[in-house]
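Listed below are the residues making up each chain.
There are 2 protein chains.
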Amino acid sequence: MVFCLTGFLGANAQEWANFRGMQRIVSPEVKGNTVTFRLNAPNATAVSVSGSWKTAERSVAMTKDTSGVWSASISGLVPELYNYTFSVDGVGLTDPSNPQNSIRDGSRFMSIFIISGPTADLYASVLDVPHGNLEKVWYKSPTLNLTRRMYVYTPAGYEEGTTKYPVFYLLHGMGGDEDAWSSMGRAVQILDNMIAAGKAKPMIVVMTNGNANQAAATIDYAAAQTQGAMGGTTTGLFEKSIIDDVIPFIDKNYRTLTDPQNRAIAGLSMGGAQTSYAALNNIDKFAWVGSFSGAFVMWPNARGTSGQGSQGINMEAVEKTVFPSLNSSANSKLKLLYIAIGSDDSLIESNRQFTDWLKTKNINHTYIDTPGYAHEWSYWRVCLVDFAGKLFK
Amino acid sequence: MVFCLTGFLGANAQEWANFRGMQRIVSPEVKGNTVTFRLNAPNATAVSVSGSWKTAERSVAMTKDTSGVWSASISGLVPELYNYTFSVDGVGLTDPSNPQNSIRDGSRFMSIFIISGPTADLYASVLDVPHGNLEKVWYKSPTLNLTRRMYVYTPAGYEEGTTKYPVFYLLHGMGGDEDAWSSMGRAVQILDNMIAAGKAKPMIVVMTNGNANQAAATIDYAAAQTQGAMGGTTTGLFEKSIIDDVIPFIDKNYRTLTDPQNRAIAGLSMGGAQTSYAALNNIDKFAWVGSFSGAFVMWPNARGTSGQGSQGINMEAVEKTVFPSLNSSANSKLKLLYIAIGSDDSLIESNRQFTDWLKTKNINHTYIDTPGYAHEWSYWRVCLVDFAGKLFK
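If you're matching them up, the sequences are chains A and B in order.
Offset between the first sequence (1-based) and this note's numbering: plus 197.
Offset between the second sequence (1-based) and this note's numbering: plus 197.
No lab work stands behind these hints, which were simulated from the structure alone.
These numbers were taken from a predicted model, which means no experiment stands behind them.
Relax, there's no trap hidden among the hints.
With a straight-line Cα cutoff of 25 Å, these simulated DSS-like cross-link-like pairs (lysine-lysine) come out:
hint : chain 1 : residue 1 : chain 2 : residue 2
1    : B       : 398       : B       : 449
2    : A       : 398       : A       : 449
3    : B       : 587       : B       : 532
4    : A       : 517       : A       : 530
5    : A       : 530       : A       : 398
6    : A       : 337       : B       : 398
7    : A       : 449       : B       : 449
8    : B       : 398       : B       : 482
9    : A       : 530       : A       : 361
10   : B       : 530       : B       : 482
11   : B       : 449       : A       : 361
12   : B       : 398       : B       : 530
13   : A       : 556       : A       : 482
14   : A       : 398       : B       : 337
15   : B       : 361       : A       : 449
16   : A       : 337       : A       : 482
17   : A       : 361       : A       : 590
18   : A       : 361       : B       : 361
19   : B       : 337       : A       : 361
20   : B       : 449       : B       : 437
21   : A       : 396       : A       : 532
22   : B       : 361       : A       : 337
23   : A       : 449       : A       : 361
24   : B       : 361       : B       : 449
Between the sequences and the hints, there should be enough to build the whole structure, so can you do that?
Spelled out as structure tokens, the structure:
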């Protein structure tokens, strides 16, 4: 560009500055298993970086060079998608030099980077694979008396063809909303990359808002927050809306396979509890059911007065309240009942109790207890990859 | 909720903290025409807030109370959507207490708030109106040799009906991408609110990526940046891709009215130059054409060697290069050729030159020179409201 644009750039002056090399800070810089962070803060007194790594302290002090740029490196990182934020004199912020500056996780924003490796590479935004579309879709929920929003992923090729697709309903955790699985959850990248590699069947993925009194994510609809961003429940009402409102809408407006063999549901934490509630009470609807770090403590009466341990649940009360009629006849309908939890998750006791109860009911299931993971996004992405790879086969 | 969730919240602990009242900072707080900002930063030395207001200094120092919370108020704000960021000891950040914390503008992120008023209210995310859907759509561009992404807005009711809709192609400016009009541009809110109020016809809005060598926005596809986030051009190639690739894709995959009376195109800054280039060379395609603060200086040969003024353009060279065959026969095809620019925009001279040239060619057009606006989002939103309200009538 030979002409002079100075003076009219207005809102995009920073982009221009970056382009012109006026700001040359590279952050994060990933080389092998080492990441280096940099932040220009000549007037700051103390700068640190905090992130989701486990091989170093969560918060690492940064040091200032003579030009006022603070930096820190972390080595020995295992392949993973990491999130991080800076702290400048005690105030948190995302990384202004990172194009993936502000990835939303509920009410917070974080920057991200990836250390390459077999599973972590599935989280990357790869240009050179076919891409599915992601739509923010409004629908009526008579059950919840709200017009609500969900995100719908349609796989690459959906628009060009006439094929009908299986559908995977994917639920978020407490503090999240319909935006969660496609931001920190990387669901779009994971599905694009897995489908392109033949590791998952092409499928539609429906990401609902599991906060029963919330119409849409607060980032777009701040007013929705007045209804309570923490409106997540497992009272059965949201679960009913999945069956009565969401599935009919999806089957009407998308080219779907509508038999239960082609319908899956899974969720993380609160969404795992909602998933089990919805699916195991509607055993003719879903053949594929997954709970990732299920917050079964949220089931009605799970944390009653009968003296269960601090992390445990009262399965007798849960059975009466939530699963009064579940029995081994479910086995003929379920292709997969998948209960996964990290070994370091404080919810593990309640997950064991639930799967022990499933055993007493002779209900077939897969229980996965994964060492090295707590209650965290890194695990839910691993679960999504594992579960999605098993579906509809 | 009577059960104890402590210990498993993991990634959403902050949300929980907010809910429990452990962090009670309200920011921004809007009362009438006054906004108050607050930031908890007990260890910071200097905190300020900078924003897009014009009735106060752009950067306002904040003061610390005894609890370590910094605050500042700005009064007398005219109705508008304002963007702002904090500076903590010289480092910029968004407002962690604002649900609309990180609204993307190219490579930067900003927090926003609205001072209520007739036009500003059209920018608000209103729950209580019918909502259109927004889809991130991938399409093949043989012209640009890329598989690329665009955003497509379909109006409320699109899914339920069989109606065909007019289509409005809406282009961003330099430093922006396909994400721009739906983030800082508030196109979704504007269309939802205008359509609900009967101020605009229901229409499909297609928001393309005008950086000819970029597949998708860098926030999702950071790798795309290696091809040059500043790849915006007005060489005619991107413009050709609109005609040859984008329009056929949209007409094939959406229920569109395909006659030129039902097709509009407009853009801001670079997008205004691209719009004029594309539309006035394809006069049988678009009956409605708009340029908002058009960066006509970007046209090929506009800033040649022939000694035009510092902000002016060489219309003789532009005519030969860009518009060799445009003449008054266009008047029978064009319903509206809309050229709008703020009086304080340094591009105003080139906009006057272009419209003077249109006069010499006897091409009907509407020229709007709006006092009080420079090269800024507040003006482009005003233009969108004004232009969208005239379309397809």
